[in-house]
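Visitor: Make the full structure from the sequences, and use the hints.
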Amino acid sequence: NITNLTKEYGKKKVVNNITFSLLPGQIFGFVGPNGAGKSTIIKLLLRFYDPTEGQILLNGKNIKEYNLQKYRALFATAFQDNKLFSMSVTDNVLLGEEIDESQKEQIASDALKLSGVYEKVSSLEKGMNTTLTKEFDDEGVVFSGGEFQKVVVARAFAKNCPIKVFDEPSSALDPIAEYQLFDNILKSCQENLLIFISHRLSSVKNADCVILLEHGQIK
296 NITNLTKEYG KKKVVNNITF SLLPGQIFGF VGPNGAGKST IIKLLLRFYD
346 PTEGQILLNG KNIKEYNLQK YRALFATAFQ DNKLFSMSVT DNVLLGEEID
396 ESQKEQIASD ALKLSGVYEK VSSLEKGMNT TLTKEFDDEG VVFSGGEFQK
446 VVVARAFAKN CPIKVFDEPS SALDPIAEYQ LFDNILKSCQ ENLLIFISHR
496 LSSVKNADCV ILLEHGQIK
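Counting in our numbering, the sequence shown runs from 296 upward without gaps.
Keep in mind that the hints were calculated from the coordinates and are not lab data.
Hints may be right or wrong, so weigh each one.
Lysine-lysine pairs mimicking DSS-like chemistry, simulated, CA-CA at most 25 Å apart [unchecked claim]: (1) K429 <-> K338; (2) K459 <-> K408; (3) K459 <-> K500.
Okay, the calculated beta carbon distance ranges per label pair [said to hold, decoys possible]: (4) E434 <-> L363: 36 to 42 Å; (5) E486 <-> N377: 22 to 28 Å; (6) E348 <-> Q401: 44 to 50 Å; (7) L363 <-> T298: 39 to 45 Å; (8) K421 <-> K356: 45 to 51 Å.
No residue lacks a Cβ here, since even glycine has one placed at the ideal position from N, Cα and C.
Guide: Here is the structure:
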């Protein structure tokens, strides 16, 4: 439950006294123009920072009372402002998740299939062992914007947790790839609480609840 939530930067209220509830197993969409407060709400949910006023409760308990690492482990996130690292495709997808060594490549490849970039990865000479970026490896591969985004989305598919957050997951994709991605998200995450952030209402048409934000308020 999110109650009377406010977040100020300086004297500006980016999120202004909002109240709503997120329920397990449901799909929520946050839509609105740039600066509406969509990403700020998610970052407050993840405790990247704390609210100026109001509170966020999980099972009736303020999230500040939980162990931060264990609390954040409840979330899998695919944010727009993300980064690929100079390591293998598998490691870029799993990002240090505690997974049995024998299962790592399978879990990563399944996630890449759902995000739509596995075919590209499997066509590379070293496949899942390909190093991404040329930052520390001259033979590393640099992905296009859409491929980059699909790897980031694959991270959310790969993580086994109850809450999954997708921040504009299809902004760099063509309409067909976008449709396939959303179809895969909805089919593979039926047991999760799903949160979508989007500028486009078409991206959240299958949501159980759509929250329209403007100037930090629910409209």
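Visitor: None of the hints should be skipped; say for each whether it holds.
Guide: Now for the hints, and whether the structure bears them out:
1. Proximity of K429 to K338 is assessed by CA-CA distance (about 30 Å); at most 25 Å being required, the pair is judged violated.
2. Pair hint K459 plus K408 holds up; C-alpha atoms about 18 Å apart against a cutoff of 25 Å.
3. Taken as a hint, the K459 and K500 pair is honoured in the structure, with Cα atoms around 17 Å apart against an allowance of 25 Å.
4. Between E434 and L363 the C-beta distance comes to about 38 Å, which sits within the given range of 36 to 42 Å.
5. The hint said 22 to 28 Å for the Cβ distance between E486 and N377, and at roughly 24 Å that hint holds.
6. In this structure, E348 and Q401 meet the distance hint of 44 to 50 Å, their C-beta atoms being roughly 46 Å apart.
7. For the pair L363 and T298, the beta carbons lie near 20 Å from each other, so the given range of 39 to 45 Å is not met.
8. Between K421 and K356, the C-beta spacing of about 46 Å keeps the proposed range 45 to 51 Å intact.
In this structure, the hints that do not hold are numbers 1, 7, in rising order.
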